[in-house]
Amino acid sequence: MLNENVALVTGASRGIGRAIALELAAQGAKVAVNYAGSEDKAEAVVQEIKESGGEAIKIQANVSNSGEVKDMVKEVVETFGKLDILVNNAGITRDNLLMRMKEEEFDDVIDTNLKGVFVCTKGVTRQMMKQKFGRIINISSIVGVSGNPGQANYVAAKAGVIGLTKSNAKELAARNITVNAVAPGYITTDMTDQLTEEQREQMLAMIPLGRLGEGEDIARVVRFLATKDADYITGQTIHVDGGMVM
Amino acid sequence: MADTFERVKQIIVDRLDADESKVTMEASFKEDLEADSLDVVELVMELEDEFDTEISDEEAEKINTVGDAVNYINSQS
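Just so you know, the sequences run in chain order A and B.
The opening position of the first sequence corresponds to residue 403 in the numbering used here, with each subsequent residue numbered one higher.
The opening position of the second sequence corresponds to residue 15 in the numbering used here, with each subsequent residue numbered one higher.
Using 27 Å as the maximum straight-line C-alpha spacing, the simulated BS3-like pairs for lysine-lysine come out as follows:
{"#": "1", "chain 1": "B", "residue 1": "K76", "chain 2": "A", "residue 2": "K517"}
{"#": "2", "chain 1": "A", "residue 1": "K572", "chain 2": "A", "residue 2": "K517"}
{"#": "3", "chain 1": "A", "residue 1": "K472", "chain 2": "B", "residue 2": "K76"}
No wet-lab data here; the hints were simulated from the structure.
Next up, chain A with everything else stripped away, as it sits in the complex (with noise of 0.2 Å):
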């Protein structure tokens, strides 16, 4: 349980954010719904949580701007009282083939899904190391392990992610904040509902449980993580992707 945790989810109006912010509500957690531009549907996803019995804030903030996210930080803080939980969510993609790749649809892709974990992990610091307690989950992807065609920018942002994860839990096990990576392989979301129904079918058969994910698949790992029962892991990327990178 998470009974008086305060967790900050970002890009949690849709998706596997969603499905998160989603648990760790039904779980206890108040949580604070971070959106780059959906306004309504983070709206929805604070109405779902308040209707359950939970409390929820939606907040407007581009996770690489550190401006934003320090006003985003002291919004939770002082809504709530405290910051136990982030989980670093926010994603884009840019795909395309590197021949094709455009300079600024890397940079977009590092931007927000790279530079944006350092920026939030950055701000929720300081609270964290006051309070000597704090659980950062970031989002990677199976794909920043393996390589995946068409997304060389997406992938160097999640292999990033991955090694900051890393860097970060060593910097702050000594704060008793742990730093953890959950990596998901092909989930149905938004994202991959962009995916041709011939890609779809290469990856389900890629995939040694037999089936696609779902975003409470994620959650369930995710909320695993940031309760007592996950106080002995740091630095770790779980995989949840139904046996598809071992």
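Since chain A is already given, all that's left is putting chain B on it; use the hints.
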């Protein structure tokens, strides 16, 4: 001036579990008071709270001794 030093000293003694006699204006956090880099970051955070001021990363990096901290705080008030 003396007042700032006493307040800073108290925080250092509490935070670093340092011997009071070792906390002088000249004492280096890392060399004389056995603080690691993270301890210094935390100490700076506490000083910000105690003196209700904000110490930028650039300024914080220049704080190596107790005197550096005391002088910086005094220069801000």
